[in-house]
Amino acid sequence: MCQHQPPCPPADATDREAARAAAQQPAQGWTLLCNGVLLFADTGELLPDGRIIAPNRPLSHAVAAAA
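18 is the number of the first residue of the sequence shown in my numbering; add one for each residue after it.
Since the hints were made in silico from the structure, they are not lab data.
Just so you know, not all the hints are guaranteed correct.
Said to hold, decoys possible - Now the in silico label distances, taken between C-beta atoms and shown as ranges:
#1 P27 <-> N73: 18 to 26 angstroms
#2 R68 <-> A35: 16 to 24 angstroms
#3 C19 <-> I70: 17 to 25 angstroms
#4 P27 <-> A71: 19 to 27 angstroms
#5 Q22 <-> A71: 26 to 34 angstroms
#6 P23 <-> A44: 29 to 37 angstroms
Note that the structure is predicted; figures quoted are calculated from it, not measured.
Here a beta-carbon is modelled for each residue, glycine too, at the ideal position from N, C-alpha and C.
Model the full structure from these sequences, guided by the hints.
Structure below.
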């Protein structure tokens with residue numbers, strides 16, 4: 018998918034979020050990356066093959082509540 022140089026990381030790479038934005042709708046909370054990954058504002062992801070990557074929200078509020 019990526020036509021620029023250097024090419025963006027592929028969708029199955031661990032650094033896939035480093036790809037350039039191809040389209041985005043901030044009001045709807047999503048960005049389509051040039052490697053086909055759909056990145057959501059809550060940090061969740063939908064990969065081109067249909068796999069879902071769960072959001073990775075920080076747990077700082079839970080740690081502070083336990084202290």
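Looking back at the hints listed earlier, which ones does the structure fail to meet?
Failing hints: none at all.
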